[in-house]
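Engineer: Going down the list, the protein sequences come from chains R and P.
Just so it is clear: in the first sequence, position 115 is 114 by numbering that gives the first Met the number 0, and no numbers are missing.
Just so it is clear: in the second sequence, position 288 is 287 by numbering that gives the first Met the number 0, and no numbers are missing.
Just so you know, the hints here were simulated from the structure itself, not pulled from any lab data.
Ideal placement from N, C-alpha and C gives every residue a C-beta, glycine not left out.
Per label pair, the in silico range of CB-to-CB distance:
| id | chain 1 | residue 1 | chain 2 | residue 2 | range |
| --- | --- | --- | --- | --- | --- |
| 1 | P | Q157 | R | G111 | 39 to 47 Å |
| 2 | P | H173 | R | M248 | 40 to 48 Å |
| 3 | R | P181 | P | D210 | 34 to 42 Å |
| 4 | P | W290 | R | S16 | 55 to 63 Å |
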Amino acid sequence: MSSTELQLAASQRTSLSPMEQASRKMRMIWIGRVLFLIVFLLIWQVASPYLDKTVFSSPADIARNLVESVLTGSLWPNLWTTLEEIALGYIVGAFAGIVVGFILGSNEIVAGILDPVMIAIYGIPKIALGPLFVVWFGINLMPKVVMAAVIVFFVVFYATYHGVREVDQDMLRTIQLLGVSPTQIRRWVIFPSALSAIFLGLKMAVPEALVGAVVGEMIVSNKGLGYMIQFAATQLDTAGVYAGLFVLMIMALLANSAVNQASGMKRR
Amino acid sequence: MCVMWENNSLAKRSDLNDLKKDRTSIGHVSTVFNDTSSYKYQAGSGGIRLEGVSKWFYRSQGEKVVALSQIDLEIPKGAFVSLVGPSGCGKSTILNCIAGFQYPDAGKVIFEGKEIRGLNVGIGYMTQKDYLLPWRDVLDNVWLPLQARGIPTKEGKQRALEYIKRVGLEGFEHNFPRELSGGMLKRAAMARTLVFHPSTLLMDEPFGNLDAQLKLQLQRELLRIWHQEKQTVIFVTHDLEEAIALSDMVVVLSGRPSSVKQVIHVDLPRPRDPISIRFEPEFQRLHKELWSLIDVTLEVDHEFH
Numbered sequence: 000m001s002s003t004e005l006q007l008a009a010s011q012r013t014s015l016s017p018m019e020q021a022s023r024k025m026r027m028i029w030i031g032r033v034l035f036l037i038v039f040l041l042i043w044q045v046a047s048p049y050l051d052k053t054v055f056s057s058p059a060d061i062a063r064n065l066v067e068s069v070l071t072g073s074l075w076p077n078l079w080t081t082l083e084e085i086a087l088g089y090i091v092g093a094f095a096g097i098v099v100g101f102i103l104g105s106n107e108i109v110a111g112i113l114d115p116v117m118i119a120i121y122g123i124p125k126i127a128l129g130p131l132f133v134v135w136f137g138i139n140l141m142p143k144v145v146m147a148a149v150i151v152f153f154v155v156f157y158a159t160y161h162g163v164r165e166v167d168q169d170m171l172r173t174i175q176l177l178g179v180s181p182t183q184i185r186r187w188v189i190f191p192s193a194l195s196a197i198f199l200g201l202k203m204a205v206p207e208a209l210v211g212a213v214v215g216e217m218i219v220s221n222k223g224l225g226y227m228i229q230f231a232a233t234q235l236d237t238a239g240v241y242a243g244l245f246v247l248m249i250m251a252l253l254a255n256s257a258v259n260q261a262s263g264m265k266r267r
Numbered sequence: 000m001c002v003m004w005e006n007n008s009l010a011k012r013s014d015l016n017d018l019k020k021d022r023t024s025i026g027h028v029s030t031v032f033n034d035t036s037s038y039k040y041q042a043g044s045g046g047i048r049l050e051g052v053s054k055w056f057y058r059s060q061g062e063k064v065v066a067l068s069q070i071d072l073e074i075p076k077g078a079f080v081s082l083v084g085p086s087g088c089g090k091s092t093i094l095n096c097i098a099g100f101q102y103p104d105a106g107k108v109i110f111e112g113k114e115i116r117g118l119n120v121g122i123g124y125m126t127q128k129d130y131l132l133p134w135r136d137v138l139d140n141v142w143l144p145l146q147a148r149g150i151p152t153k154e155g156k157q158r159a160l161e162y163i164k165r166v167g168l169e170g171f172e173h174n175f176p177r178e179l180s181g182g183m184l185k186r187a188a189m190a191r192t193l194v195f196h197p198s199t200l201l202m203d204e205p206f207g208n209l210d211a212q213l214k215l216q217l218q219r220e221l222l223r224i225w226h227q228e229k230q231t232v233i234f235v236t237h238d239l240e241e242a243i244a245l246s247d248m249v250v251v252l253s254g255r256p257s258s259v260k261q262v263i264h265v266d267l268p269r270p271r272d273p274i275s276i277r278f279e280p281e282f283q284r285l286h287k288e289l290w291s292l293i294d295v296t297l298e299v300d301h302e303f304h
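Only chain R is shown next, with the shape it has when bound in the complex (with noise of 0.2 Å):
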């Protein structure tokens, strides 16, 4: 931007209102990540033919495959599989995490029982029950699903159950007095009043999905983008390793937007 343009921006940015002024930020913003993202992949093009192919690839060569990929029709069983064990892992996770923080929330003593037991799954490293997973459910979708699942269930778990911990006692005392019992303040009071912390939660959630079913697949697997990437390295194609990487950038984004969409209609 030339100096007169900036100096024009200033001189306009007063007689702005408000909505205006946060528009022409966004704008601003946007054209800044498009600008950040072409330099960045000029920088690697131009570098490219002075690095180890191997090890960095190259812009054109990562579109070339990725083409190549959407043509041929090969991506697309890939992604829907590991779409498939994204959503079926979210969503059962996310509902058995909502359902047992809630419980364990609103039970002091079957929460004080259970802590141990939750506190030691959660601080294993997920990638260490893959096998057990494959020992369980096979080598299908299920083992993958059951993957996401686990590591969504504990993003929701966590974040319901404190949701629901937070609630004033002093609030549900008094609404109690009105005569409400205690399952329709559970229904009326405490879900609503823990609904944000779920909602966070749920978001948080939804990138964990994608780490889950990759992770799942990366152990045992004929199918799904984690296989892609997995079996793109030990051909020494890092061009496609790449691609599938870029995939699930593309895919975490949308999951990220979307869910964005979703907590800002809750708020109107």
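Dock chain P against chain R, hints included.
Structural biologist: Just chain P now, kept in the frame of chain R:
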């Protein structure tokens, strides 16, 4: 006018009976509503009795602090009773003991013939905080106690609206608590407390932070409703004029360790207007008397320091 009020309140009472049939678990909502033709309360049983109630706690250094010491108090059914005394003298603790939020360390609280063990569900307690549900609008907040009792939605909301009107919140039914001023929140909480016709009302400085004008307005409203429904009211306040204007009895508590210093009977005519009553000579006399009691308490407090 008077007759109309009474007819109105009789209708309320049959409503209330329906209400009780709907849910038996409400607990202590008593069936006794005495003598609508007189504003005088009935002495004797059916009210609240504190028998040697003591309450203490320990400071972190292990030092024992007595908050309430041997409180004996008889609150007749249908009486409007104010508790006054220096701050920190345990007025709120007394209310908490009646509500079942706290238990006496010695002595007992008898509520309508039964000793209180556990939450005194069905009592109306207006705490200092309003505890309105932020995700419900005013109407749904006031409706909550009726919704809990399984009263048909239409009828319940109708009644909620009626009480919203009574506390002067008409036009704000669909506003959320975050959109209301402090005074409006108090009024909404008051409507929610009154809407299910509790036989007893505990009010902990309900008009404490309001400006003088709004305070008088709400006092008037409260008295109007009380004249109709004749709840037993226990009203904690710092404001001696408010105590006299509203009450049948003013209980003066001493500073910590708190005990009942004196009970003053207010024999001003009813129904009262809390504003014009202030200019009665009898009011002035009581006010003076109360001040002298509180003053002595202050002096005693002074000696301790």
